[in-house]
Amino acid sequence: MDYIGEHLLPGQLGHFFIVLSLVASLVATFSYYKATQSKIDTDAAYWKRLARFSFITETISVFAIFGILFYIIQHHLFEYKYAWQHSSLSLEFKYMFACFWEGQEGSFLLWSVWHCVLGLVLIKTGKSWEAPVMTVVSFAQLCIATMIAGIYIFDQKMGSNPFILLRDSGVLDNAPALHLNFDVNQALKPDYMSSIKDGNDLNPLLQNYWMVIHPPVLFLGFASTIVPFAFAVAGLWTKKFSEWIKPALPWTLFSAAVLGVGIMMGAAWAYESLTFGGYWAWDPVENASLVPWLILIAGIHTVLIYTHTGYSLRSAYLFCILSFVFVLYSTFLTRSGILGETSVHAFTDLGMNVQLYLLLYLFIWGAAIVSAKDLNQKVTTFVVAAALAVAARYIPYPVVSFIALILGLVVVIYQVQKQVPTIIKEESGSSREFWMYIGSLIFFLSAMVIIGITSLPVLNSILNIKKAAPENQESLYNQIHIFVAIIIAVLTAVTQYLKYKETSRRFFWKKLAFPTFISMVAGALVVYFGNINYNKEGPAFLGAIWLAVACSVYAVIANVSYIWLGLKGKLKLSGGSISHFGFGLVLLGILLSSSKKEILSYNIGGIPIDFGTESKEKTGENLTLVKGLPMKMGKFDVTYVSDSAHPKKQQWYYRIHFKSRTDNEEFTLLPNAFVNYKGNEGMMANPDSRHYFTHDIFTYISALPNPEKNQDTTKFNTRTLKAGDTVFYSRGWMILQNVVAKDSLPEKIFGPGGSLHEAPLKMFSKSGSIFTLTPRLAFSRGEFLAAPDTIPSEGLVVKLEKVNPDNSIELGVKESGAVLEYVTLKAYKFPFINVLWAGIIITAIGILISMVRRIQLNRSAKE
Amino acid sequence: MKKIHIVLLVFIAGAIAVLISFLQTTATYDTVQTAKDKPGKFVHLMARWDKSQPMEYDALKDPNYLSFIATDTLGQSVKVIYRNPKPENFEISEKLVLKGKYTTDGYFECKSIQTKCPSKYKDDMSAAQKKVQGASETYPTNTETK
Chain A
1 MDYIGEHLLP GQLGHFFIVL SLVASLVATF SYYKATQSKI DTDAAYWKRL
51 ARFSFITETI SVFAIFGILF YIIQHHLFEY KYAWQHSSLS LEFKYMFACF
101 WEGQEGSFLL WSVWHCVLGL VLIKTGKSWE APVMTVVSFA QLCIATMIAG
151 IYIFDQKMGS NPFILLRDSG VLDNAPALHL NFDVNQALKP DYMSSIKDGN
201 DLNPLLQNYW MVIHPPVLFL GFASTIVPFA FAVAGLWTKK FSEWIKPALP
251 WTLFSAAVLG VGIMMGAAWA YESLTFGGYW AWDPVENASL VPWLILIAGI
301 HTVLIYTHTG YSLRSAYLFC ILSFVFVLYS TFLTRSGILG ETSVHAFTDL
351 GMNVQLYLLL YLFIWGAAIV SAKDLNQKVT TFVVAAALAV AARYIPYPVV
401 SFIALILGLV VVIYQVQKQV PTIIKEESGS SREFWMYIGS LIFFLSAMVI
451 IGITSLPVLN SILNIKKAAP ENQESLYNQI HIFVAIIIAV LTAVTQYLKY
501 KETSRRFFWK KLAFPTFISM VAGALVVYFG NINYNKEGPA FLGAIWLAVA
551 CSVYAVIANV SYIWLGLKGK LKLSGGSISH FGFGLVLLGI LLSSSKKEIL
601 SYNIGGIPID FGTESKEKTG ENLTLVKGLP MKMGKFDVTY VSDSAHPKKQ
651 QWYYRIHFKS RTDNEEFTLL PNAFVNYKGN EGMMANPDSR HYFTHDIFTY
701 ISALPNPEKN QDTTKFNTRT LKAGDTVFYS RGWMILQNVV AKDSLPEKIF
751 GPGGSLHEAP LKMFSKSGSI FTLTPRLAFS RGEFLAAPDT IPSEGLVVKL
801 EKVNPDNSIE LGVKESGAVL EYVTLKAYKF PFINVLWAGI IITAIGILIS
851 MVRRIQLNRS AKE
Chain B
1001 MKKIHIVLLV FIAGAIAVLI SFLQTTATYD TVQTAKDKPG KFVHLMARWD
1051 KSQPMEYDAL KDPNYLSFIA TDTLGQSVKV IYRNPKPENF EISEKLVLKG
1101 KYTTDGYFEC KSIQTKCPSK YKDDMSAAQK KVQGASETYP TNTETK
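Taken in order, these protein sequences are the chains called A and B. Per my numbering, the first sequence starts with residue 1, numbered consecutively. Per my numbering, the second sequence starts with residue 1001, numbered consecutively.
Hint data in this document are derived by calculation from the structure and do not stem from the laboratory. Remember, predicted model here, so these are calculated numbers, not experimental data. Treat the hints with care, as some may be off.
Reference listing, derived: stretches of chain A covered by chain B, where coverage requires no fewer than 3 residues with Cβ under 8 Å from a Cβ of chain B [stated by the list, open to error]:
hint	region
1	435 to 447
2	484 to 497
3	683 to 689
Positions of the beta carbon are idealized from the N, C-alpha and C atoms, including for glycine.
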């Protein structure tokens, strides 16, 4: 059957390229595998050529898929489910990308695109490592390709295809009007597309520029963790156990910089557009991306230890492998829907849990198989892996699947321990490597604790229990990490002053004495004048915060000093110090902004209007502002001035004016909210903030009047008045100034014999404000039309009802809460948040400087 | 034994201790009845907002006071007080996870509400379907022509 108005070509091309990418990545994986295994040079070269050709084909296909899907979204081809589900006609062009990666399919594609780019760089620079490393990357590409394939293999659906048509997706199956004879059992009408006028639109909370730029960076970070992993596996596979370290190091640094920036860009998005009240909420999705980064940092330090001293090679293996394994585990957590109960922003279950589990399974056991000692062991490992897969598939206890993964990891660790050489001699306690290793361990264990707590839903499903997060989960995270911060800050400050292998005490103290002294003074000053009184968790915690603040000051100062004391100001060499300096700032920024965060909108009871009910004694964090009525909030007088609507959307902007009582500071914030968006009752708010050098003022709408509930039921109270007469109302009085009859009215509008009267009133409120009200009454074309006037902040409406021949009037007066226009908002002050953002940027720059230096070193070593 | 091994063991023991203590502090998912059975204990109450009962929230009186009746799947109800504005998506959520305690004063003092709805961050199939059907409501839906 042909349907009218469909554009089928892009979808057909898309399907073609998906199949092509599947085949190409399969061929690339196989050929690279053969190129690695082959002992004969000409054979290896042949396979490598084929593999490169396939990988480039794969790259072209992935880019084509990406381009076609973008074309579909951008041209509003709503016959495709992806476009219909994630975009709409009114969506601004800049958000087209955001809706591209809103869905699972789009974000998998993003991941895949980055793998392609990284793969091309590896082909160019990999030399002898190209074949084994690219085997891993191509295999990852194969796995991701199946995620968007949407094909059936033995009744098992593989992946979710982004090019599926709306009419094939099942969405329209229950819409009788779109079917022939209004019968859902019959075919769709040929012109069904004429009823699909607009898409579902991008979730309003994602309509934010951070959502356009942070996923690509974050996914580049995720994608790049495969490179250190692939190098480590390649080392085990080719039995060149230590040679991989040097080429892998710049990649590890790159990955850490990009992933770190990506995570914090996500934090910035949460800060700027979500109403969590901050940049970090220990949400499972945030944790899941932090954990691989922490392990990666441990990886970098152990790799560095190895390159300088020969120690900790085994740990370098483990951390490089585990950081990628935890990327895969995070993928499972956030995309399987298992976090449904605990996270506010995981993806929904697309029925791909088996596939997501397999992703983890294949990479762990794949690494176990290729790292086996000889062919015999390889075959044995393979048989065990296959047997476990069958067991996990057919034994209906999730714990079996979990054990299968853990066993795989155990085998990998066993192979590392068994085969990778190590130094028996103990590190000296005065050596740099010893303390670097301690730092790495702390990072790793912090990662394990975070992922352990985050995995509670997984534990529930494995053990078939139902445990819920404890009341104080957040403070648990904070209590642990305040100590992690203290130790890491001190290690960051001190360790660079130690030399590799052995440090003499004199040398150490001679260099370190000066920065330590300065830091003690500076740290004491910051703590003393910093006014840090975070008392939610008791005095011990506050003490820990003070200590941590002082220690991070130490990290900042000691690392800046080291650039001169240790490296004589050579910036090229000081990547490490710069990134540690940045990291010190990150810690300091986190500590200061979190512990000194203030809620400005603290409020006792309701607004100071007497509604006859006793005000509640409890303080709350939200404040209601009546339009036009200034309220005290911290040092500000805050007024809700006006609001305006988005021209195309059900989105309102609220103009909130802040005026300081103590100085001349004055500004307006424009928080906005989607109200009853797309027929969904309720609202979704977006914050607005004012940035200062030392702090941010941050506000968002937390409640709005409900128009239905506030139906105006009060009646007008009519009085007869003459000019000069006074009327009292509950909160003041008003005086009728005079009664004016307007003349020379346009006959076109008023018709013959029309009239218009105005009755200006001067109103004196008990609060001291004076207003003018001008109700009007028109007689037009034989009909009376009243135009009442309102003072919203007083809840007062007056209506001119009649003008008598003796120039007295009948005035209707009404007092009603329903005329009040108000917003409820929450406002915060975030001090020193810029320290955090600056710290992130400096850390990333420092890491990238190190990366460049390592690349140069590798090059000159080869020459 | 190397120094580093000792440190390693101490750290790992610390991490395990933290995780075990975490497991011991975990709360439980409860129904109205089981939450009432342990007043003063922090629980996750799984329930729905009972829309047939009035909800009390007036931002003018007090923006930090929301009170409503929650009903669980077993049909039992409890009064909930939440000292915050109405959470986003409260109206459209199908299920609420109410984190808090049942008090001896006979109501559920809620510390945080997690709304479970099909739309937030999630692919909204059912609401979208409704929309397609809604768009076509102008057509007669029960005519039969043979």
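Now for the hints, and whether the structure bears them out:
With a threshold of 8 Å between beta carbons, the proposed coverage of the region 435 to 447 of chain A by chain B holds, since 5 of its residues qualify and at least three are required. Closer than 8 Å: that is the beta-carbon criterion, and the region 484 to 497 of chain A has 0 residues meeting it against chain B, so the requirement of 3 is violated. Using a Cβ-Cβ cut-off of 8 Å, 3 residues of the region 683 to 689 of chain A lie near chain B, which meets the minimum of three, so the contact claim holds.
Of the numbered hints stated above, the single one contradicted by the structure is hint 2.
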